[in-house]
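Can you make the complete structure from the sequences, with help from the hints?
Next come the chains, spelled out residue by residue.
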Amino acid sequence: MGRQTEQNHIRPQAGGSMRDRFSVSGLVLAMIGLPILAGLAGTVGPAFGLLPALGGGHLTLDHFAELAAQPHLSRSALISFATAIVTTGVSLVLVMLFTAGYAGTRMFSRIQHLVSPLLAIPHAAAAFGLAFLVAPSGLAMRLVSPGLTDYGSPPDWLVPQDPLGLTMMAGLIVKEMPFLFLVTLAALPQVPLVQARQLSASLGYGRIRGFLISVWPLLYRQIRLPVFAVLAYASSVVDVAMILGPALPAPLAVRITEWMADSDLQMRFLASAGALLQFALTVAAMVTWLVLEQIGSVLLRWMSRSGVRKADDRLLRRSACAAMTLSAALVFLGLAVLFLWSIAGLWPFPALLPGSVTFQAWMRALPQAGDAIATTISLASSSAAIALLFSIGLLWQGGVRDSRAFSSVLYLPLIVPQLCFVFGLQILSVALGFDASFALLLFVHLIFVLPYVTLSLSQPWQALDQRYETLAAGLGKSPLQVLLHVRLPLLTRACLTAFAVGFAVSAGLYLPTLLIGAGRIVTITTEAVALSSGGDRRAIGIYALLQTLVPFGGFLIASLVPHLLFRDRRAMRI
Amino acid sequence: MALLAPLALATIGPAMATDAANWEQVLTEARGETVYFNAWGGSANINAYIQWAGDAVKARYGVTVVQVKLDDTARAVTSVLAEKTAGRNQHGSVDLIWINGENFAAMKRQGLLFSPGWATKLPNWDLVDIDNQPTTTTDFTIPTDGLESPWGAAKLVFFYDEARTPKKDLPDSAKDLLSFAKAHPGRFSYPQPPDFIGSSFLKQVLSELIADRTKLQKPVDDATFDADVAPLFAYLDQLHPLLWRKGKAFPKNYPDMKQKLADGELDIIFAFNPAEASAGIAAGELPGSVRSFVFSKGTLGNTHFVGIPYNANAKAGALVLANFLLSPEAQVRKQDPKIWGDPTVLAVSKLPEADRAAFAALDLGVATLPPDKLGATLAEPHPDWMTRIEAEWIKRYGAAN
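Residue numbers (the numbering used here), protein chains in the order written: chain A, 1449 to 2022; chain B, 355 to 755.
For the record, the hints were derived by calculation from the structure and aren't laboratory data. Note that the coordinates shown come from a computational prediction; the quantities given were computed from them, not determined experimentally. Glycine residues also receive a C-beta, built at the ideal position from the N, C-alpha and C atoms. You can trust all of the hints, since none of them are fake.
So the derived label-pair ranges between C-beta atoms look like this: (1) A:Gly1803 <-> B:Asp717: 22 to 30 Å; (2) A:Arg1762 <-> B:Ala537: 50 to 58 Å; (3) B:Thr388 <-> A:Gly1793: 36 to 44 Å.
Okay, here's the thing in structure tokens:
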């Protein structure tokens, strides 16, 4: 029944000269593929000893030997690997159970409103909030001290930065879960949820079991690429790992970043070799995930064959709901603590609230932040808008669907860890004599924004019931008319979500902005990271909040506009 | 890239070399230039000070200053290197860079600095305290050769909260510090190397414990390295179980330690700026009962500088800014703990009467030791040592968990 939507539609052949006149996919291919390949070459070269400016003129494997000799390298790699698998696994299972238990209910839309804004909160801001909350001197301990604990000074506990990286994983999960939830949400209207629920209920299945057996395989297929993006991200994350992750040894990506920034310029060779190891690690995590997918599919088949109904799944359902709520609450509470710190005077342990309130830090920061905010907004909105246009063009021409090679290039910036190619990219841009300019930075942002926007849009795009278009074509509408009057209006929500995702990605880009903008083009994120290196909680609070508010605007629009547009159209609401 | 190189070279010829000795011409050339000042941006008060200096040179010399806020100075070095790699030998993106120690050594070694030396030709150079502050011309044992201009002085100073820690318990040497840690486990730590302050702590301990201190003024001798640093690591092996989090995690940097002193997680912290504690009290970040102390046998001291990359686009403008930063007006403002609190590199005695009075009138704050109470200064080891002990540190303690 569910398979109908996937297979029984005959895709109308892309007719019409408009679609064939020029190839968007060719353009995009060059736009994304070339810089990344060049960037990778700029990384691979030094890894094998080629970097003329530093006297590296011949091929050698020495730098890999040097890499292997780095102390505790395998531990670093293992932590990164485990983080990728655990983060992705826990986030996905939570989203899956929650969607299974609640999709279509009122609770679902309530949680949806609670969780969606989380996507706009930058990883670093959420991580700082969490750290301020759970540290021994954090708000949680202040709540119970000294009353319940007798602690006059904070206990000597190793949190965050715990050796197993649990705090780091938690910090990633609370951020990746909303992302997976949102892409699930975008894909949900394209599966026959209501019918499947009715059928499985009539067969006596519990909600979760019925959903998993009937709808989940379809849904998972649609969100599979985002899952891999989460996997790649978690395996190579730098900022969250620096804030919450173990320090001795640090996860692999953090160590590579340190090597890249080392004042001993010879370390660039080692960093490049490390970047290739990071690449291999990410690939290994993906291969592991493929195996896990197989195991999951076997489990699911076993589940449906066993015939067990498990009609009463309230406990599981409510646990999933509680976990979703808790993680959202943690992030919001974290933000509240960030805000408190930004206006706090002296605030010693174990005082629950600051002794005095001052806006001095805000008054010092805001005049300096104005330009950065303006730059961030213009950069993010233009790159997201251009990316949206390209994505629509791409999907319309069927580029993403038709060519496997093409889609792998498109998703390259998403799947290849950033630090594997940004250094090489910087060399390229300087070599071509490009000065740091808004246009150049916009172009580089597009490389990163376009895949996310396309990723966000392509699933709903491809799953939209084609019969609408077949019908319109049968009524004599041209392909362009069909696009403008049938497809795009039906996909308004998906388009806006894609825009907001692109906006948030651009606003949160750190490494590329810093390197390509040469520090001359400053966004709120580069400012935030520069200031957070100072560890000043007040400045961190302010910039993390600013960093949150900017992309939040994009998501607000994405969620409000459909409400207004579809006020009177019941079938268009979720 | 190879194709572009001849083009780049062709444009070098006609440009006239900027020369600090011809100051009138520097001023003319500088007017209208924009200087991208690459400086660590982790401190709001320092950023505000740089903004002030930029406004001043804009008003007086028509030079626009844009601070490029770095989270790590090495990133600016990376940028210059990337430009050199790409053959961009002119119109580079970095005009002035806040630098010292290993970053300077690396740039000097790689030929990434504007040469020949220009700092000694600056009009304000004569005011620099080269007699009493030898570190203004020798940066971590490397002669500056005028390739960088001194900006501020630094000295390792410890802070504690006298409301919690009685003065008589304070350590007076690295050895004492170990006893303090034994008596108060979990109440001391240092930033994780390679953080600058953390590595400096290692150098402080090494300077106190090494059998022959003169060895530190030369590059590391591979043959004796292990024996030379053995006392340091024996010390750390004893100290680490007594540290905050039992040495399984370390503060990130000085501001992180400052926060932990305020939170009550640490009892003793240290910084390279004697005025940090007073500035922290003024900003409401530290309790008013925080005070300073030093080791009577001496603590590390050094100087921080500004340098100009070889391919800087606005060399004249950068010279004008560097000279302004050395002016008594800029230096006295910098030393004010309400502004920044960074000690001057000028010889106050050489200054005109009015400027001397301005320095004398500075209220250094309750928690700042006056210059004559700062104790002896230990010389910074050769940068080689820092690199080597950092590597050794990571090898030994890199997987403490």
